[in-house]
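Colleague: Protein sequences, first through last, are from chains A and B.
In terms of the working numbering, the first sequence opens at residue 81 and continues consecutively.
In terms of the working numbering, the second sequence opens at residue 801 and continues consecutively.
It is possible that some hints are incorrect.
[What the hints assert, rightly or not] Calculated from the model, a selection of chain B residues having no Cβ within reach of chain A, i.e. all distances over 10 Å:
#1 812
#2 855
#3 857
#4 875
#5 876
#6 888
#7 894
#8 897
#9 920
#10 931
#11 935
#12 959
#13 980
#14 983
#15 991
#16 993
[What the hints assert, rightly or not] Listed next, the stretches of chain A that the computed footprint assigns to chain B, with coverage defined by at least 3 CB atoms under 8 Å from CB atoms of chain B:
#17 112-123
#18 127-133
#19 161-174
Simulated from the structure, these hints should not be mistaken for lab results.
Glycine included, C-beta positions come from ideal geometry on N, C-alpha and C.
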Amino acid sequence: MILHPSVIALICGSLLTSAIMLYASFFALRIIRRWDLSSGSELQLELEHRTYLISTIMACGMVFQALSLFLFIHTADSLSTLFKGAMCAAGTLNLNMFGYPLLLLKLAIFLLAGLWLIVNHSDNRGYDYPLIRVKYLLLLGITPLMVAESLLLGLYFGLMKPHVITSCCGSLFGTEAKGLAPALALIPEVPLLAVLATVVTALLISGAGYLRSGRGAALFSVLSLTAFLCGAAALVSALPVYIYALPSHHCPFCMLQREYGFSGYVYYAALLGGAVSGIGAGILQRFRRIGSLASLPAFQRSLVIGAMLLFALFMALAFWQVWFSELRLT
Amino acid sequence: MIVLNQVSKVFNKGRQNEFVSLREISIMIPRQQVTVLKGPSGSGKTTLLSIIGGMSRPTSGRVTLDGRETTSLPERFLAALRRETFGFIFQQFNLINGISILENVMLPAVPNGERHATLKGRALELLAMFGLEARAATRVELLSGGEMQRVAIARALINNPRVIIADEPTAHLDSKLSGELITIMERLKQEGRTIIMASHDPLVCNAGVVDNLVEIRDGEIRDSAPAQ
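Chain A extracted, bound-state conformation:
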């Protein structure tokens, strides 16, 4: 175990959040089984009193879990100087078998935590707890992932061996490697960027249509997910080669470093934030008819605008990078 401040913060934060999530899950089961707003029973009133506190604590936990993704990536990147062969987070994550599964899990938790925060915020807008069962069902779905994340985090940092010589991005994302990442790296850059531009343009048109008519949230949601997947693929396949001006270097982590202006964080944040906002706007569409959620359309509009701005930012940065890169691909 490396007693780096970030490692301690990640493990402590994760354990604390998981413990709260487990407690909240038992409460969620009671809510799902026993919630009855028409009843004035002692149990119902106790549930009403406690859900306010538990939702508030959970919202803090979810925000921490979402932001901890960036702390985790930053930690993996900064620890790379301690291990032979590691030059960026790619090498540190490859130190043992838990690194990359943990990263994927944290990405999934980021998206789900973001969606939970959107549902929770919407529920708090209604006077009669309109989405209470939905939000606690979602919480029950996230809890096992959070617990698994705590476990993987402990295993990953606990089993880091300083004497192990690790492989880094050059081989992990190279043409001879096997797995999802090298497969993504093999996607041709220019066609992928063209697809990404098409999807983001379609998303912007769909978003504008939604803002004008209030319809098409589901389509916008699907396009957000598609843009997220295309953007994630571009972060491995297309963008790195332009950022590093090296046609064979497909690492999505080196761009987190100072010499590349920490631009990776902006790409990641724009992509993840856009996906959460866009998908969230679509999910809320089915609750628009609930009487007490009169403020929902305004919130959906904010989410759609947020998603449009974030994906547009991602696209603009990507094309700025391609345009001004020293690399020219034909």
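Model the placement of chain B on the given structure of chain A, informed by the hints.
Modeller: Frame of chain A, contents of chain B only:
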């Protein structure tokens, strides 16, 4: 109309010092009338008033205000309802020392975000109604008991509430001032407001303005009837 259905309140539930303040209270309080909750100290009058006014929540049971259930409301909605619907007059008046009469009266309306000049104008109108306009800038600790009472009533009216809740409003007043208070309550009733008072003062309970008398003892309703 305010309807209480099987309302109970237990303090420190499950502990050694558990105390049952209210036991399954069910009453209907008509609109635009004066209802007095009568009973000795410790009978649960203040607890009941605080539940009706949304200042505390029952352990079980429901309260509805003009058909809208209030006990389940999340805090932000309950706070808004409390501010818009109820005006409170407390036993000790609970005026804030160190600030002026005018500022005390304006205080409950500040969270509404109304323009300061409009709010100040309304507060001055209320003070004028109670003959206190000239003393608007006076700090409250310099007031007499009767003046404090009138400031407390003016403050309760600043948000133009439909319901006035007064907890033992005559407890610290002599007979003359108690009579003045009853006159003011009569005026508020004529304006169409619902008035709910907790009191064991015979001057209040036997006043002509009172429409309904609810007798509470040991957290239970012993008698509920139109006033004689």
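Colleague: If a hint holds in the structure, say so; if it does not, say that too.
Modeller: Hint check results:
For residue 812 of chain B, the non-interface assignment is confirmed: its Cβ lies about 15 Å from the closest Cβ of chain A, beyond the 10 Å cut-off. With a cut of 10 Å on Cβ distances, residue 855 of chain B stays outside the contact zone with chain A, its closest approach being about 15 Å. Once the 10 Å rule is applied to beta carbons, residue 857 of chain B is inconsistent with being away from chain A; the minimum gap is 7 Å. Not every beta carbon of chain A lies more than 10 Å from that of residue 875 of chain B, the smallest distance being close to 6 Å; the non-interface claim is violated.
Not every Cβ of chain A is farther than 10 Å from the Cβ of residue 876 of chain B; the closest lies at roughly 8 Å, contradicting the non-interface assignment. Against the 10 Å criterion, residue 888 of chain B stays outside the reach of chain A, whose nearest CB is about 22 Å from its own CB. Distance check for residue 894 of chain B against chain A: the nearest CB is about 25 Å away, which clears 10 Å, and the non-interface claim stands. Every beta carbon of chain A lies more than 10 Å from that of residue 897 of chain B, the smallest distance being close to 33 Å; the non-interface claim holds.
At roughly 31 Å, the least C-beta separation between residue 920 of chain B and chain A is larger than 10 Å, which holds for a residue marked as non-interface. Non-interface status of residue 931 of chain B relative to chain A is upheld: no Cβ of that chain comes within 10 Å, the nearest being about 40 Å off. In this structure residue 935 of chain B is separated from chain A by more than 10 Å, as the shortest Cβ-Cβ distance comes to about 41 Å. Non-interface status of residue 959 of chain B relative to chain A is upheld: no Cβ of that chain comes within 10 Å, the nearest being about 19 Å off.
No Cβ of chain A approaches the Cβ of residue 980 of chain B within 10 Å, the least distance being about 39 Å, so the stated non-interface status holds. Every CB of chain A is more than 10 Å from the CB of residue 983 of chain B (nearest about 38 Å), matching its label as outside the interface. Look at residue 991 of chain B: its CB is around 28 Å from the nearest CB on chain A, clear of 10 Å, so calling it non-interface holds up. With a cut of 10 Å on Cβ distances, residue 993 of chain B stays outside the contact zone with chain A, its closest approach being about 24 Å.
For the stretch 112-123 of chain A, the assignment as covered by chain B holds, since 4 residues bring a beta-carbon within under 8 Å of that chain's beta-carbons and 3 suffice. With 3 residues having a Cβ less than 8 Å from any Cβ of chain B, the stretch 127-133 of chain A passes the three-residue criterion, so the hint holds. Counting residues of the stretch 161-174 of chain A whose C-beta lies closer than 8 Å to any C-beta of chain B gives 0; at least three are required, and the coverage claim is violated.
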